[in-house]
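First to last, the protein sequences are chains A, B, C and D.
So the number in my numbering is just where the residue sits in the first sequence, counting from 1, plus 1.
So the number in my numbering is just where the residue sits in the second sequence, counting from 1, plus 1.
So the number in my numbering is just where the residue sits in the third sequence, counting from 1, plus 1.
So the number in my numbering is just where the residue sits in the fourth sequence, counting from 1, plus 1.
Everything labelled a hint here was simulated from the structure, so no lab data went into it.
One should not assume that every hint holds.
Note that the list lumps identical chains together, so a pair holds whenever it fits in one copy or between two copies.
No farther apart than 27 angstroms at their CA atoms in a straight line, the calculated lysine-lysine pairs in the BS3-like style are these [as the list claims (entries may be wrong)]:
(1) LYS27 / LYS106
(2) LYS27 / LYS111
(3) LYS99 / LYS27
(4) LYS27 / LYS102
(5) LYS111 / LYS99
Small disclaimer: the values here were computed from a predicted structure and weren't measured.
The primary structure of each chain is shown beneath.
4 protein chains.
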Amino acid sequence: MSDETETISQLRQAVADFVDERDWQKFHTPKNLAMSLAIEAAELMEHFQWLTVEESIDRGSDPVRRGQIADEIADVCCYLLSLVNVLDIDLAEAVRSKLVKNVAKYPAEKFRGRSE
Amino acid sequence: MSDETETISQLRQAVADFVDERDWQKFHTPKNLAMSLAIEAAELMEHFQWLTVEESIDRGSDPVRRGQIADEIADVCCYLLSLVNVLDIDLAEAVRSKLVKNVAKYPAEKFRGRSE
Amino acid sequence: MSDETETISQLRQAVADFVDERDWQKFHTPKNLAMSLAIEAAELMEHFQWLTVEESIDRGSDPVRRGQIADEIADVCCYLLSLVNVLDIDLAEAVRSKLVKNVAKYPAEKFRGRSE
Amino acid sequence: MSDETETISQLRQAVADFVDERDWQKFHTPKNLAMSLAIEAAELMEHFQWLTVEESIDRGSDPVRRGQIADEIADVCCYLLSLVNVLDIDLAEAVRSKLVKNVAKYPAEKFRGRSE
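Chain A extracted, bound-state conformation (with noise of 0.2 angstroms):
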């Protein structure tokens, strides 16, 4: 499986097999995955923690690296799936409209190469 086949729900069933099996749902409320998604995100910026913006785009190069990356990566996307399925909210949906109102907030013509 990989992205290119492999649609979001069947991720996010994956995720929901891993918690069943551990009858881990009673930890799973809504504020500590969100909690949890925090500290994951955290760890996974130690990874750039010290680098200058540039050499942050060389770190992704390094097997090793790269590995424990994706794993980090790995662990945020497991809670923010964890978290769809807990609160039963559409995921693709979400990002679809969250996008729809992101064109409209920052217009391509005037945010072209601007942050802000």
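Mind docking chains B, C and D on chain A? Use the hints.
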């Protein structure tokens, strides 16, 4: 489109198009994207900041709050997808591979109903 | 030394000396320090990740956990002091000034016992 | 008052008074305060989100930005002080004790000019 039918690549492409149309690749270094992910994760957490763990379950039922939470989840997801786009990491593969490690680290029989 | 007798400047100086002795000023840019502060805040949060809000009160009574929590609090404080050192901001003045704003924003009679 | 003359206990007391006057102790559990600290740390980080590491140095010179950054730093500090108030931890002692450990972990001669 919805999680049932949309592949991860399709969602990645939607985010990539939004970034390309604004010429924002220069801002989207791994360091900046990891920071942005952590910032959005904190904004998501803010919705549950003062709630008891139990109250946080109800919070997702309020339609207004639910929409706001879905928007924050979308923001987290957009930066996550932008990061795997920049690093050229297959997200489904990273998640599947991390789940295999987690199955070994947290054997179901030992961790059933226990967080540690 | 203790909180009763130590001025904030004395604690700021202790952190500045540690940084100077390692020639770490070049890493201690505001961007990196803000990231580092967020990373340490997440590590502190990790101690309370799966606890109910009530259990989190007891967590500080366990002597081993208490020491670990104190260490994480110290890490957060060190980066906070390093950041005000770099930006040349008076921390006491910033806090006093923010409390004045918060007193106006959250009038005691209106917000007594209410978080929002 | 300023960092030169104010003891840490005096600043802790100012924060405790603000909390007491609003009867907010019930919200100020360690779990909630650790979350709040992480949320404010992310808001602080937001000021440097898209900047190069070098640009982040200049950001503190702009008077308007400087005031906003000082406000975010104050928010982080208030939650940090509230947390040590709740846990009854001496902050100066925690920092001094952690610096002793860090001196052993990062010997100056080995780590001079190196982050790892």
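Taking the hints in turn, this is what the structure says about them:
| no. | hint | verdict |
| --- | --- | --- |
| 1 | LYS27 / LYS106 | between (38 angstroms within a copy, 20 angstroms between copies) |
| 2 | LYS27 / LYS111 | between (47 angstroms within a copy, 16 angstroms between copies) |
| 3 | LYS99 / LYS27 | between (30 angstroms within a copy, 22 angstroms between copies) |
| 4 | LYS27 / LYS102 | between (34 angstroms within a copy, 22 angstroms between copies) |
| 5 | LYS111 / LYS99 | within (19 angstroms within a copy, 35 angstroms between copies) |
When held up to the earlier numbered hints, the structure conflicts with none and fits them all.
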